[in-house]
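The sequence shown lines up with residues 1 to 436 when you count with the numbering used here.
Treat the hints with care, since some could be wrong.
Claimed, not checked - DSS-like, lysine-lysine: derived pairs with alpha carbons at most 25 Å apart:
{"no.": "1", "residue 1": "K338", "residue 2": "K363"}
{"no.": "2", "residue 1": "K273", "residue 2": "K235"}
{"no.": "3", "residue 1": "K420", "residue 2": "K363"}
{"no.": "4", "residue 1": "K426", "residue 2": "K376"}
{"no.": "5", "residue 1": "K284", "residue 2": "K409"}
{"no.": "6", "residue 1": "K388", "residue 2": "K338"}
{"no.": "7", "residue 1": "K250", "residue 2": "K390"}
{"no.": "8", "residue 1": "K390", "residue 2": "K409"}
{"no.": "9", "residue 1": "K387", "residue 2": "K409"}
{"no.": "10", "residue 1": "K333", "residue 2": "K273"}
{"no.": "11", "residue 1": "K118", "residue 2": "K91"}
{"no.": "12", "residue 1": "K116", "residue 2": "K70"}
{"no.": "13", "residue 1": "K91", "residue 2": "K55"}
Honestly, the hints are just simulated from the structure, not real lab data.
Note that this is a predicted model, so its numbers are computed, not measured.
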Amino acid sequence: MEKFYIETYGCQMNEADSEYMASLLMTIGYERVEEMEDANLILVNTCSIRDKAEKKVLSFLGRAYPIKKKNDCIIAVCGCVAKQEGENLIKKAPYVDIIFGPHHINNLNFFIQRAKNKEKVIEISDKNSIERNKDLLKIEGVRAMIPIMQGCNNFCSFCIVPYVRGREVSREINDIIGEIERLANLGIKEVILLGQNVNSYGKDLGIQDGFVKLIEEVAKIEKIERIRFTTSHPKDITEKLILAFGIVEKLMPHIHLPVQSGSNRILKLMNRKYDRETYLSIIKKLREVRPDIAITTDIIVGFPTETEKDFQDTLSLVEEVRYDSAFSFKYSKRPYTKASMMENQVPEEIKQRRLEMLQSLLKEIIYEKNRYMEGKVIPVLVESRSKKEKTELMGRTPCFRIVNFSAHKDVKIGKTVNVKITRGFKNSLKGELVDG
Numbered sequence: 001m002e003k004f005y006i007e008t009y010g011c012q013m014n015e016a017d018s019e020y021m022a023s024l025l026m027t028i029g030y031e032r033v034e035e036m037e038d039a040n041l042i043l044v045n046t047c048s049i050r051d052k053a054e055k056k057v058l059s060f061l062g063r064a065y066p067i068k069k070k071n072d073c074i075i076a077v078c079g080c081v082a083k084q085e086g087e088n089l090i091k092k093a094p095y096v097d098i099i100f101g102p103h104h105i106n107n108l109n110f111f112i113q114r115a116k117n118k119e120k121v122i123e124i125s126d127k128n129s130i131e132r133n134k135d136l137l138k139i140e141g142v143r144a145m146i147p148i149m150q151g152c153n154n155f156c157s158f159c160i161v162p163y164v165r166g167r168e169v170s171r172e173i174n175d176i177i178g179e180i181e182r183l184a185n186l187g188i189k190e191v192i193l194l195g196q197n198v199n200s201y202g203k204d205l206g207i208q209d210g211f212v213k214l215i216e217e218v219a220k221i222e223k224i225e226r227i228r229f230t231t232s233h234p235k236d237i238t239e240k241l242i243l244a245f246g247i248v249e250k251l252m253p254h255i256h257l258p259v260q261s262g263s264n265r266i267l268k269l270m271n272r273k274y275d276r277e278t279y280l281s282i283i284k285k286l287r288e289v290r291p292d293i294a295i296t297t298d299i300i301v302g303f304p305t306e307t308e309k310d311f312q313d314t315l316s317l318v319e320e321v322r323y324d325s326a327f328s329f330k331y332s333k334r335p336y337t338k339a340s341m342m343e344n345q346v347p348e349e350i351k352q353r354r355l356e357m358l359q360s361l362l363k364e365i366i367y368e369k370n371r372y373m374e375g376k377v378i379p380v381l382v383e384s385r386s387k388k389e390k391t392e393l394m395g396r397t398p399c400f401r402i403v404n405f406s407a408h409k410d411v412k413i414g415k416t417v418n419v420k421i422t423r424g425f426k427n428s429l430k431g432e433l434v435d436g
């Protein structure tokens, strides 16, 4: 039996794509392995939102090359880096056999056959569709990531996604529901609806309030207990979506709402199409509807021309919102984007200092929020054995916090149990099972 290994870098959309490719490969007879030294096919799937991701892929390929020389395995690169770099990647790593963009995943078997015939495969052409075989996916665990759309129409000045993922394309509601119903029958309890901008779901299909309608339809699936989504663009948050957090019981109290900067001047340069005040008003409305809602975000420091005042505006916004978690990054130039051509790029040492200051503040706030959970009894969906202690279980709260807790043998994976939080740590919680 032929064997494959997948390495994934980047967003949850990439993770979903990797699981889909794994299912496709297993369907045609491949076995998944945990070590790339054991594989006939080595596949790396990566994003290109930040320069760091590209460097990671080249480093990975450097480690894969000796294995190829020894085993004559096939090396494939897919995802947004493949779409962006194309033939340039072959120049940097001429031993790569297959390069394909995210729109061509369903052709993977065909690409492998061509590579076996010693043909170099580069397929990065634009293809404006999101095709998935809903009967193909094999999922382990209790949670599934469901791409509902791909692409983006927003053209933020720092972001390469519209150039590598294309314009927004939505899947039909019936197609999505069919996939989720199948997964629910296989034991999935929680779904995460994925898209670069889920708030825009259905616009290209002519569906008004399409995303809220989709959430309502998913909530009707009896075996699905929890619904989440990511990622949202603040400019497209609607009153109906905000109200859904108080109406749809299965919609979990957590929203990832990237702010990117707390400075109105920088937000305008980023082409985000909202200002600080609008963003804060959305947060206020969400907390009015669902007081326990967890707010997470993305923040970029060191965007071109960012001054100390701009940065302080970001810090003050973080203080005001008090995020439950955040991804924070130094700005990095991406090809094709307007920001890459702006003057007054911020020096690396200033970006690094600002990132460290921001992360220090975020860690302080997140730790404080986790400590606040101590003593509370929370419903936790059990996902797996704890990675920290084999005698413990791991699950997540409705707000998506990780909880490690001790429990008796009768507690099964996929069950929702009440857990009393005994300790709040920087990145997780510890608890004990509450019987009954």
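The hints, checked one at a time:
1. K338 - K363: Not OK: K338 and K363 at ~32 Å, beyond 25 Å, violated.
2. K273 - K235: holds, 6 Å
3. K420 - K363: holds, 23 Å
4. K426 - K376: OK: K426 and K376 at ~17 Å, within 25 Å.
5. K284 - K409: violated, 42 Å
6. K388 - K338: violated, 44 Å
7. K250 - K390: violated, 30 Å
8. K390 - K409: Within the cut-off at roughly 12 Å; holds.
9. K387 - K409: holds, 17 Å
10. K333 - K273: With Cα atoms ~21 Å apart, K333 and K273 stay inside 25 Å; holds.
11. K118 - K91: Status holds; Cα separation ~17 Å.
12. K116 - K70: Since the Cα atoms of K116 and K70 sit roughly 16 Å apart, the hinted pair holds (cutoff 25 Å).
13. K91 - K55: With Cα atoms ~15 Å apart, K91 and K55 stay inside 25 Å; holds.
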